[in-house]
Amino acid sequence: TQLLEQSPQFLSIQEGENLTVYCNSSSVFSSLQWYRQEPGEGPVLLVTVVTGGEVKKLKRLTFQFGDARKDSSLHITAAQPGDTGLYLCAGRMTTDSWGKLQFGAGTQVVVTP
Amino acid sequence: GAGVSQSPSNKVTEKGKDVELRCDPISGHTALYWYRQSLGQGLEFLIYFQGNSAPDKSGLPSDRFSAERTGGSVSTLTIQRTQQEDSAVYLCASSLGQGVIYEQYFGPGTRLTVT
Numbered sequence: 095t096q097l098l099e100q101s102p103q104f105l106s107i108q109e110g111e112n113l114t115v116y117c118n119s120s121s122v123f124s125s126l127q128w129y130r131q132e133p134g135e136g137p138v139l140l141v142t143v144v145t146g147g148e149v150k151k152l153k154r155l156t157f158q159f160g161d162a163r164k165d166s167s168l169h170i171t172a173a174q175p176g177d178t179g180l181y182l183c184a185g186r187m188t189t190d191s192w193g194k195l196q197f198g199a200g201t202q203v204v205v206t207p
Numbered sequence: 025g026a027g028v029s030q031s032p033s034n035k036v037t038e039k040g041k042d043v044e045l046r047c048d049p050i051s052g053h054t055a056l057y058w059y060r061q062s063l064g065q066g067l068e069f070l071i072y073f074q075g076n077s078a079p080d081k082s083g084l085p086s087d088r089f090s091a092e093r094t095g096g097s098v099s100t101l102t103i104q105r106t107q108q109e110d111s112a113v114y115l116c117a118s119s120l121g122q123g124v125i126y127e128q129y130f131g132p133g134t135r136l137t138v139t
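Top to bottom, those sequences are chains A and B.
Okay, so the first sequence: first residue is 95 according to our numbering, each after it adds one.
Okay, so the second sequence: first residue is 25 according to our numbering, each after it adds one.
Take every hint as true, because none was put in to throw you off.
Chain A residues, not near chain B, derived (Cβ > 12 Å throughout):
(1) Q108
(2) N112
(3) V122
(4) G147
(5) V149
(6) K151
(7) L152
(8) L155
(9) T156
(10) Q158
(11) G160
(12) K164
(13) P175
(14) G176
(15) T178
(16) P207
In silico lysine-lysine, DSSO-like type, Cα no more than 27 Å apart, as pairs:
(17) A/K164 with A/K151
(18) B/K81 with B/K35
(19) A/K164 with B/K81
(20) B/K41 with B/K81
(21) A/K194 with A/K151
(22) B/K81 with A/K194
Don't read these hints as lab results, they were simulated from the structure.
Virtual Cβ for every residue (Gly too), placed ideally from N, Cα, C.
Bound-form chain B, shown alone:
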């Protein structure tokens, strides 16, 4: 497909388990972003990739959260020892470059529910 894809679309997990969320950006987009959206809230920035490196990971809420990007393409966000407060929609976006002239294209998100 031409857009950003994310998998799974929904994930229900028990407290304490680890989860992996996947993002496939638009082909050729060098910049990739992860955001978290809690119910009725705006988007909270988590991490930004330029190529395979992450110049800004300041939004990761704790050391239970990590992300990597390989081959300048697919990215995985991992949450270890999930907590109920991790329940949210996790959105991924990609752009051709970084800066105001480059539009961020968003995927449909992964809805994570921690029980």
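This is chain A alone, in the form it adopts within the complex:
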């Protein structure tokens, strides 16, 4: 059983469309991170959110941390083929002593030209 549930598991869209990926939990997290992973590579950190209700924007990507710090979303505007990849959310629980990252199962995003 994973602490962080991501949805959808798979998303295929056309270039120019918008998409949203969700990351939900019944647990409270002190911080939450989003990563993108491409085939044959390790995950690369996109953003860290630490405050409930926080919204961060990174070019066409918008990240939101829920008010209760139990959920997060990633929204991509006008998706491009370069956005293709496995998107992973990962959180640090408030009860963890050294800040271990708990990962969701990931959302595979495919953007076709």
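Position chain B against the provided structure of chain A, taking the given hints into account.
Only chain B this time, still in chain A's reference frame:
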């Protein structure tokens, strides 16, 4: 190189054999982490090193798995008497310290296939 490196990139082994996976962290990074990623799944934490000691090895799935780190640098993950369910990509990451302000940098992983 400047990044985390792992070797081998691919390893095929027969059930019952032992394997060693190596991780070279970024120079100066005191924290090192091992994760396992099964097909289509997220990352499963295995073990965390701070320097040469492992404050958290709670993710190691069985006593067939062990890891060590020497000189505060290179780490080796050893799997004894491999089983088919050990097949996965093993990822290593390092960070300058531990905690939310320190980004974990991941290596490309070792894909282990047990036949």
